[in-house]
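Required output: the full structure, derived from the provided sequences and hints.
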Amino acid sequence: MHSKTRISFIVLAVMFGASLLTYLMAGAHPVPATDVHERQDTIPQTYRIDIHKMKFQTPRLDVRVGDKVTWTNKDIVPHTATATDESWSSGRLKKGESFTLTITEHMSLDYFCSYHRTMKGVLVVPVTPEDG
Numbered sequence: 001m002h003s004k005t006r007i008s009f010i011v012l013a014v015m016f017g018a019s020l021l022t023y024l025m026a027g028a029h030p031v032p033a034t035d036v037h038e039r040q041d042t043i044p045q046t047y048r049i050d051i052h053k054m055k056f057q058t059p060r061l062d063v064r065v066g067d068k069v070t071w072t073n074k075d076i077v078p079h080t081a082t083a084t085d086e087s088w089s090s091g092r093l094k095k096g097e098s099f100t101l102t103i104t105e106h107m108s109l110d111y112f113c114s115y116h117r118t119m120k121g122v123l124v125v126p127v128t129p130e131d132g
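Here this note's numbering is used: the first residue of the sequence shown is 1, the next is one more, and so on.
Hints listed in this document are in silico derivations from the structure and should not be mistaken for laboratory results. For each residue, glycine too, the CB sits at the ideal point set by N, CA and C. Certain hints may be false.
[To be verified] Here are the simulated SDA-like pairs of lysine to any residue, each with C-alpha atoms no more than 20 Å apart in a straight line:
hint, residue 1, residue 2
1, Lys68, Thr84
2, Lys68, Ser108
3, Lys55, Lys120
4, Lys68, Pro44
5, Lys53, Pro78
6, Lys74, Arg92
7, Lys120, His52
8, Lys68, Gly91
9, Lys68, Val122
10, Lys95, Pro78
11, Lys120, Leu109
12, Lys68, Ala83
13, Lys94, Arg117
14, Lys68, Ile49
15, Lys68, Ser87
[What the hints assert, rightly or not] Ranges between beta-carbon positions, derived for each pair:
hint, residue 1, residue 2, range
16, Ser87, Pro44, 18 to 26 Å
17, Thr102, Pro59, 16 to 24 Å
18, Glu86, Ile43, 25 to 33 Å
19, Val77, Thr42, 36 to 44 Å
Pasting the structure below:
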């Protein structure tokens with residue numbers, strides 16, 4: 001009886017070892033974390049900036065090429081979101097109106113309100129290793 005118990009134990013140990021080895025080898029080729037992050041970074045995002053109390057409520061926003069930014073005027077007076085070099089502009093936004101901009105390469109990202117020039121903001125595109 002003693003030898004049957006020993007054989008059963010050895011068989012169980014071998015089966016457990018084989019199962020453990022199979023489990024460990026199945027996870028031997030995971031997707032690298034950098035690949036996952038790169039895919040997430042390439043999905044365009046949409047951001048909202050409220051114009052309220054005579055200021056851009058998010059005066060600095062990190063964005064990437066392809067992202068969209070929507071400004072919405074919550075004030076009773078009109079405002080604009082206008083590039084400092086005037087290469088893009090929302091035009092006059094009355095209360096409740098919105099303007100959406102898609103971020104492209106080489107665009108001016110500093111902006112202001114053309115009616116209230118002390119109202120300023122900036123969209124920041126982080127430098128990637130590919131940019132050098």
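task: Could you tell me which of the hints above the structure violates, numbers in ascending order?
output: none
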